Each structure stands twice: as C-alpha cells, then as structure tokens.
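A.B. asks: My request is simple: use the sequences and hints to build the entire structure.
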Amino acid sequence: MDFALSKKHEMFRTLFQDFAMQEVAPLAAEIDESGEFPWLTVKKMAALGFLGLPFPREVGGAGADNLAYTMAVEEVSRACAATGVILSAHVSLGAHPIYQFGTPEQKTRFLVPQAKGEKLGAFALTEPNAGTDAAGQQTTALLDGGEYILNGSKIFITNGEVADIYIVFAMTDRSKGLKGISAFVVEKGTPGFTFGPQENKLGIRASSTTELIFEDCRIPATNLLGKEGDGFKIAMQTLDGGRIGIAAQALGIAQAALDESLRYAKERQQFAKPIGTFQAIQWMIADMGTEIEAARLLVYRAAWLKDMRKPFSKEAAMAKLYASETAMKHTVKAIQIHGGYGYMKDYKVERLMRDAKITEIYEGTSEVQRMVISASLLK
Amino acid sequence: MAVIIDKNKCVGCTLCVPACPFAAIDMVKGIAVINDQCTLCGACLEICPVTAIYREEEQACEECTPQSYQGVWVFAEQRQGQMLNIAYELLGEGKKLAGALGVELSAVLIGADVSNLAPDLFAYGADKVYLVEDKELELYRTETYTAAFVSLVKKHLPEIILMGATNIGRDLAPRVAGRLVTGLTADCTELSVDLEERILLQTRPAFGGNLMATILCPAHRPQMATVRPGVMKKITPDYQKSGQLVRESYHSQEVTVRTIVREIVKEAGKVVNLEDAKIVVSGGRGMGSAEGRALLEKLAAKLGGVVGASRGAVDAGLLPSAHQVGQTGKTVHPKLYIACGISGAIQHVAGMQGSQVIVAINKNPAAPIFKVADYGIVGDVHQVVPLLIAAIDEQNAKKQP
Amino acid sequence: MKIVVCIKQVPNTTEVKFDPKTGTLIREGLPTIINPEDKNALEEAVSIASRVGGQVTALSMGPAQADYALRETLAMGATEAILLSDRAFAGADTWATSYALAKAVEKIGEYSLIFCGRQAIDGDTAQVGPELAEHLDIPHVTYVRRIVSLDDKCVVVERALEDGYEVVECQLPALLTTLKELNVPRFPSASGIVTAFDEKKVQVWTAEAVGADPAKIGLKGSPTQVKRTFTPPVKGTGKILTGTHKDAVQQLVQELAAKQLL
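Residue numbers (this note's numbering), protein chains in the order written: chain H, 1 to 379; chain S, 1 to 401; chain B, 1 to 262.
Everything labelled a hint here was simulated from the structure, so no lab data went into it.
Just so we're clear, the structure is a prediction, and the values are computed from it rather than from any experiment.
A portion of the hints provided could be inaccurate.
[As the list claims (entries may be wrong)] Just some of the chain B residues that point at chain H, by a computed CB distance under 10 Å: (1) Tyr68; (2) Arg71; (3) Ala196.
Beta carbons: idealized from backbone N, C-alpha and C, even for Gly.
C.D. replies: In structure tokens form, the structure reads like this:
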C-alpha cells in the first residue's frame with residue numbers, strides 16, 4: 001500500500017496551493033464581506049483547466065483524475081471555502097451527471113463547454129418541501145409533443161443564477177413514486193425559467209445561492225437525461241461523487257483552521273511564553289492535527305476508489321461525514337485558541353467557522369450520511 | 001580530490017547528514033554514503049565523531065605554472081567618463097593583497113578618452129595603470145571589453161584580478177574567466193592570501209546568504225574575484241602619489257562584435273544608494289502604509305541616512321524594490337542599521353548582518369531580529385519612532401553651543 | 001525558431017530556516033523548485049515560441065531528481081526537455097558546468113536564442129550564463145528586463161543598469177540572462193501537467209552522449225574548489241532597552257551618541 005502521492009500529483013498539489021495562495025486567498029475576506037461572486041477567479045481557474053479536471057480531453061477536460069480534482073477543491077477551499085464550493089458544485093454536480101448519463105449529443109452540447117470552463121453548471125434537487133426527503137419532488141415535467149413543460153421551484157441552489165447549465169429533477173409520473181422522477185438539463189435564459197434573489201447566508205457568502213422558478217418552462221425533450229424514471233438514481237449517484245467534493249472542501253477549511261492555530265500559538269504570548277507551550281493548547285492542536293489527518297485519508301481514499309472504478313458510495317459518505325464534523329469541531333476550537341481575537345472579523349478563524357457549518361448540511365446532511373453508511377454496513 | 005567515508009569506521013550516527021549544506025550524504029543500510037551533490041566543502045570532516053570521513057588528495061596539475069603569474073589587478077570600471085567608487089574600494093583591498101604578496105598593484109582602465117582618470121587611480125593606491133583607449137571602447141560591450149582585457153592578461157600575466165560586482169562587472173568577469181579557462185568567485189565579502197601556497201582565499205555568501213564559503217583557485221591563473229560595492233574600504237587618497245601609465249593598443253580588426261548599444265537611459269528615483277550608505281533606516285511590513293513610510297523617511301532624514309525595506313514591505317507595496325535589503329535585495333554595511341517593524345527572518349538578516357550597530361524596534365518580543373540587534377526596543381513602531389525622532393532632536397539641540 | 005532554456009533545480013533558499021540550537025540551516029524538508037529567474041526565462045521562451053511559432057527545449061544539468069523540474073517546464077509549455085546527468089559532472093564549478101551545458105547545446109543544435117536566469121538562488125554567482133555563451137562563441141546580454149523586438153536576425157533588449165537601463169541590439173544566435181522584472185511566469189495548466197507526466201519523456205544525456213572531454217567536467221574540470229563552508233557568525237543578542245518607550249528611546253539615543261553614530 002503506497003501512501004505517497006505520485007510526482008504528477010505532487011505537481012498538481014503545488015499548482016493548486018500556489019494558485020490558491022496567489023489568486024484566491026487575497027480576495028477571500030473581501031468577498032465574504034460583500035457576498036460578491038468571484039468571477040475573475042472562476043475565469044482564471046477555467047483558463048488553467050480546473051473546471052474540467054477529472055474529465056477526459058475528448059470532452060474538453062484536463063484529463064486528470066478525481067484525486068487531482070479533490071486536491072484542487074481542498075486547496076482552493078483552504079484559502080476560500082466559497083470559491084471551493086463554486087468549483088465543486090460545478091464539476092461534481094453540474095458537469096458530472098452529463099458525463100456519466102448523457103448522450104454523445106448532450107455531452108457535446110452541455111459537457112464540453114462546462115469542462116472547458118466556458119459555462120458554469122449547477123444541480124437542482126432541493127425544494128421547499130423536499131430536502132432530505134428528496135423523493136418528495138413537487139416540481140413537475142409534462143411531456144407535450146417534442147417538449148417537456150416544467151413547473152415548480154427549487155431552493156438553496158449553489159451557483160444559482162451564475163450557472164448556465166442546470167441539472168433539474170422533476171416528477172414525470174407521480175404514480176411511480178421514486179421511479180417517477182426524471183432528470184433534465186435546463187439552460188439559463190430559457191423562457192419561463194427565472195431566479196429568486198441571492199440568499200443572505202451565514203457562511204460561504206460569495207457563493208451564489210438562489211431559488212430557481214419554473215413557470216411553464218418548455219425545454220426540448222432531448223434535454224431529458226437518461227430515461228424517464230432514472231432521475232432518482234441519477235441524483236443519488238451524482239451526490240455520491242459530490243460528497244467527495246464537499247468532503248474535500250471541509251478538509252480544506254479544517255486545514256486552514258489548523259494553519260491559523262499553529263501560527264497563533266507560536267506568536268501569541270501570555271505569561272511571557274508563547275501559548276503553544278501550554279498543554280491546554282497543545283492538546284487542542286494535537287487533536288486537530290490528528291483528526292484532520294484522518295479526514296484526509298478518508299477523503300483521498302474515496303477519490304482513489306472512484307478513480308479505480310470501484311464502489312465508493314460508503315467511503316464517500318464516511319469521508320463527507322467525518323471531514324465536515326471535523327471542520328465544524330475544529331474551527332470552533334480554532335476560535336477558542338485565538339481567544340478574544342478569534343471573535344473579531346479581523347482574524348480569519350471566525351469566517352472558517354461560519355463556512356464550516358454548511359458542510360454538515362448540504363449534499364446530504366450528516367444524518368443522511370449516517371443512513372448511507374449504516375445501510376451499507378448492515379447489508 | 002574526493003571526500004571519502006570509510007564504511008568500516010562509520011557507525012551510522014547520522015551526524016554528518018544534516019551537517020552537509022548540499023544534501024550530499026545519504027544513509028544507506030545504516031552507513032553514510034556520499035552522493036553526486038558533494039562539492040568537497042569538507043563540512044562533514046569536522047563533524048564525524050569517529051573520523052570516518054577524510055579527504056583524498058589528488059596530484060597537482062603539472063601543466064599549470066602559477067609561478068609565472070605575478071601582480072594584483074583591479075578593473076577600474078568607468079561609465080561615460082565617470083569612475084565608479086567600487087574601483088577605489090578594490091584598490092584599497094588590492095593594496096593589502098599586493099602588499100602581502102610583495103607584488104605590484106595595477107589598475108586596468110578601458111574606454112575612450114579616459115586617461116584623465118588615471119591620476120585618481122594612483123592616488124587610491126595603484127602602482128601602475130594599464131590604459132586601453134579606442135573609440136570602440138567608449139561604451140561597455142561584452143565582446144570589446146573582454147577582448148581588450150584578455151589580451152592584456154595574456155601579455156602581462158597577473159595572478160589576481162578583482163572586479164566590481166556591478167551589472168557590468170558581473171557581465172565581464174565570467175566572460176573573461178571563461179575565455180581564460182580560470183576560476184572566478186562572485187560577490188566576495190572577504191579576501192586574504194595564504195602565503196605558503198601563494199593562493200587567494202575568497203570568502204563569499206552562498207545558499208541565499210545563509211552560508212559562507214571560502215573558495216580557492218589553486219591551479220589556474222589568474223585567480224578572479226568580484227566584490228560588491230560597499231564591502232571593501234578605499235584608502236585615503238594621496239594625490240602626491242604617481243605611478244606608471246602603460247598604454248596598450250586595442251586591435252579592433254581582430255574582434256568580432258555582434259552587439260550595439262543603442263541608447264542609455266537613466267531612470268530618476270531608481271537609484272537608492274543603500275550599498276554606500278552609512279546609516280540605513282529600514283521598514284518592514286509592520287510599518288503599515290503611507291504614514292509608516294513617511295515616518296521612516298523622517299527618521300532617515302534626521303540621521304542623514306537612506307531608507308531600506310524588508311521584502312515583506314516591498315511586497316506589500318510600502319516601498320519600491322530598489323529599497324529592498326536582504327537576500328533577494330541589496331547587501332548593506334552601514335555603521336548604523338535601524339530595523340523598524342521587521343521580524344528578522346534570515347533572508348533579511350543575510351543582507352544587513354554586516355552592519356556595525358543594529359537597532360531593532362518590533363512589537364513582538366520573540367521576533368528573531370532581537371537576536372542580531374545590539375539594541376532592541378519592544379513596542380509599536382508607530383509609537384516608538386516618533387519618540388525616537390523627538391529624542392534625537394533633543395540630543396542635537398543639546399549639542400548646540 | 002528554436003529556443004533553448006537552461007534551468008536549475010534549487011532548494012528553496014528563500015524559505016530556509018535556521019536552527020538556533022545547532023547553528024545550522026534546517027535543510028530537511030526544504031522543497032526544491034525551479035530557480036525563480038529560470039522560470040522567467042522559460043516563460044519568455046514559451047511566450048515567444050507561441051507568438052512567432054517555434055519550439056522550446058528545456059535543458060538542465062543535475063542529478064536524477066531534476067527530472068521533476070524538467071517535467072514542470074513541459075507542463076508550462078516547453079516542447080521537449082533534456083536532463084544532462086552523469087556522475088562525472090559532480091562537483092562542477094561554473095566553468096565546468098557551463099562547458100557541459102555547451103556540449104549539450106551543441107548537440108541540440110540550430111538554436112536562435114538561449115535563455116538563462118540571471119543567477120541561481122543557491123549559488124548566486126550569475127556566471128553560468130555568460131560562461132556558456134563564451135564556450136559557444138555567441139554574444140550574450142545579461143540583466144535582460146524587457147525584450148523590445150525580435151526577428152530571425154537579431155534581438156533588441158533593455159538591459160538593467162543600477163540607475164536605469166541600456167538598449168542593446170544583439171545578433172542571433174545569442175544568449176540572454178533574465179531578471180524577475182521580465183515577466184510573470186504562468187501557472188502550468190492542469191492539462192499541461194498531465195501531458196508532462198503521461199505523454200512526454202525527459203531525455204537523459206550522459207557526458208559521453210554529448211561528447212564532453214572528461215578533463216573539462218566535474219571536479220576535474222573545475223578551476224575553483226570550495227575549501228570550507230561555515231555559517232556566518234551570529235551577532236549575538238544585544239540589549240533590550242526596558243522601561244517606558246520614552247525611557248528606552250532616551251537610553252538608545254545616549255548609546256548612539258556615545259558611539260558617535262548620530
């Protein structure tokens with residue numbers, strides 16, 4: 001078992017770290033404050049191929065793999081969790097379903113521009129009354145001649161309004177329950193497809209989160225992804241992969257908390273000594289470092305399994321569960337280490353804590369992850 | 001000559017591994033082994049507790065006859081008819097070396113219509129000036145100056161050549177050394193002579209200024225070295241002193257020239273003469289912004305000094321890079337160096353540790369700068385510096401009769 | 001147009017830390033990087049090649065692990081990469097290094113321009129570039145901060161001086177040494193990294209392969225030798241001036257006045 005990164009992946013990591021430090025980090029505090037979407041950063045990431053990392057060259061991707069993509073999300077999130085989720089939602093949720101389930105024609109139309117970073121993608125499953133209970137879809141899609149008519153709304157959609165391409169789930173046959181859900185590709189600008197205002201969030205504030213509103217929105221029948229009734233399967237399988245991305249985001253946030261805590265523990269003096277010499281702080285840091293290391297191994301292994309085309313659903317759920325809880329727990333501890341200063345917006349750690357919370361909720365709450373893991377173990 | 005580890009003596013204590021500045025020692029199956037990175041510096045020789053490491057001597061080169069080379073030469077760099085200060089500093093150092101060796105000190109003056117500069121060279125210590133004048137030599141070009149210099153060397157065989165580590169010196173010296181197939185040591189901070197071997201010991205910073213190395217050029221001549229401005233000392237000039245002026249010709253027809261200098265442009269504000277400064281007031285990132293810069297400038301003006309900056313301050317846009325002191329900036333040797341809001345990372349210290357007196361002001365008592373400072377004040381620069389300026393004013397007022 | 005870029009893999013000396021307990025540099029874990037000014041050289045070459053149509057050959061003399069640095073040049077857009085590696089090169093000073101590089105450049109052949117970084121952050125000599133040009137008998141210009149124009153016959157550059165710059169016109173083939181001010185090196189693209197590792201090879205040339213004279217390479221071919229290395233003596237902690245800031249400042253001024261530094 002070789003735990004070392006290949007030279008190629010070492011170079012990837014250096015690229016992501018350098019990029020994050022030079023291009024992402026300098027803007028993080030400002031865009032958190034203003035909530036402004038970092039378009040310029042997204043364009044720079046696109047130019048370097050980040051938005052198509054795990055996809056083959058043939059479809060406009062960089063030809064790298066899920067491990068490289070995971071490291072990209074980790075390092076970008078370490079600098080700015082909002083920028084990290086923009087990348088992750090686009091690759092794992094907006095582009096990947098088309099890669100996995102699309103026809104060649106759909107790939108040309110929808111995947112290639114996403115992989116090249118020319119268009120952003122998003123994933124619309126959640127509704128006001130269907131969160132964890134995803135099967136309770138109320139958005140409908142009615143077949144009418146060569147078109148589907150969509151009616152309904154989606155909420156809390158990451159990359160809402162900024163994305164051009166949306167994977168939208170809707171009920172095509174309510175009588176079939178779960179098997180009556182279908183997946184569609186809907187483009188921004190389609191008549192009848194509008195957006196609600198930007199949500200004012202606790203954290204990842206520069207990421208654009210909006211409601212999607214469908215009022216007699218007509219899309220070509222050729223925008224159906226897979227077959228009618230495949231929707232739930234597509235959603236679940238997509239979220240399996242998306243989990244790895246969010247786990248990587250949480251890992252990046254946790255690592256940033258550790259970075260800040262180490263720096264502060266060495267610099268801050270009380271009783272004429274750096275506080276890092278006191279056991280109380282040392283033990284907090286020991287726990288932080290250990291759990292982050294454990295999270296990293298879980299996240300990378302899930303990515304590796306996916307690259308090896310082995311089953312990875314359980315491992316991805318474990319990674320997401322553990323990394324997000326680690327991030328939450330240790331960003332709180334990081335503020336504690338910083339004492340009063342940690343509570344002030346001048347210091348980074350309060351933002352890390354605010355950013356960490358969402359990782360325990362979206363793409364399947366921690367409760368959902370526990371369901372998935374136990375179901376797999378108890379089979 | 002190689003450095004060998006006797007594997008029978010080696011006990012695998014691994015002390016030599018971190019002692020090597022070039023990562024040239026690996027532990028293989030519990031025994032220390034030297035790899036390709038070895039430069040023979042010998043740092044490991046002293047560390048080994050069981051003297052398992054030794055240097056294998058090699059035969060001296062028989063063809064080279066260093067003995068036929070005599071004399072210390074200095075490149076008297078002039079630009080557009082103005083002599084650079086470094087030329088006099090090199091003469092000061094050259095005089096010591098020539099004295100120790102019991103040989104002549106000569107200056108090499110190349111240009112067009114520059115003979116009027118020769119008397120100053122005698123005044124600053126030269127016994128002889130070799131003068132090469134030609135229209136082609138009016139402005140520096142690598143090819144013309146290399147040709148002129150090399151032809152002089154081949155004719156007169158000096159054993160040591162010193163050049164200033166200026167933008168021109170660092171262009172000319174390696175080309176000359178390359179052509180003469182001889183050794184060149186850059187940016188020397190210390191020069192001395194081993195009289196027994198009749199060899200020049202050239203000490204210079206390496207590894208970004210974090211390490212000092214003493215270099216030899218045992219078998220090849222001339223031994224060439226460049227020296228940074230502000231490092232060596234010039235003597236008090238004696239304008240009564242004269243010397244021998246030797247004119248040598250430049251054979252332009254024998255020189256292939258493939259470059260043209262189209263124009264020379266001076267940029268105002270670019271010159272920040274840190275290297276010659278006697279007093280430097282330097283600011284770090286902790287100075288903040290424009291007010292911080294103004295404070296530095298005020299203090300510097302009070303003391304008659306020059307403003308410097310750490311890399312952090314330059315990166316933060318506090319001061320332009322021409323003010324940067326440190327490993328990737330300039331090396332300074334002032335009598336007084338005041339570091340304001342500078343943490344004292346080695347990369348900065350490498351550029352100013354040669355200062356005679358170092359004063360540090362920093363709000364962090366654990367800042368490494370306090371380890372190299374002669375005097376330290378723990379406090380916020382924005383509070384301390386104004387008080388310092390006031391105290392200096394008071395002191396100066398006291399001095400008025 | 002064929003452009004050769006010489007790069008060196010160096011320890012990142014800007015990040016090195018000092019161990020105050022042992023008085024030595026903490027070298028373990030120091031990452032190796034492409035020498036920063038060599039990256040500027042590479043960036044310029046790749047940029048020119050894509051503008052005027054051409055290829056860039058990256059060349060490095062180093063141990064086997066310099067393969068990684070050359071992969072990075074491929075990821076940044078170099079067309080091919082060559083590692084000059086041989087035990088016989090070990091211990092080379094700048095003369096012997098530039099000689100070996102010259103043999104490799106001759107083997108590459110038909111180049112119009114050679115780019116080198118001005119100096120490496122470990123050796124800091126700035127000598128290899130000019131000495132390489134000398135071995136190849138081509139003109140060189142150092143301290144290049146801007147390329148004014150380039151055609152197939154000559155290049156015009158701005159050469160930095162301490163107080164400004166000069167504009168120098170130079171016939172091709174020529175060697176230029178580059179400053180940080182020349183450009184901002186690009187990030188390698190993700191696709192570039194994949195290409196560098198999965199689709200391209202780093203050629204390895206030995207001393208024999210380039211026809212190097214054994215007497216002119218490595219330790220044997222080096223006119224200079226390192227006699228010893230040592231860490232510069234640490235000044236040693238002086239006095240921390242205590243009391244209120246006013247007191248401390250008074251003490252300082254007294255001390256400086258006594259030393260006649262004011």
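A.B. asks: Of the hints stated earlier, which fail here?
C.D. replies: none
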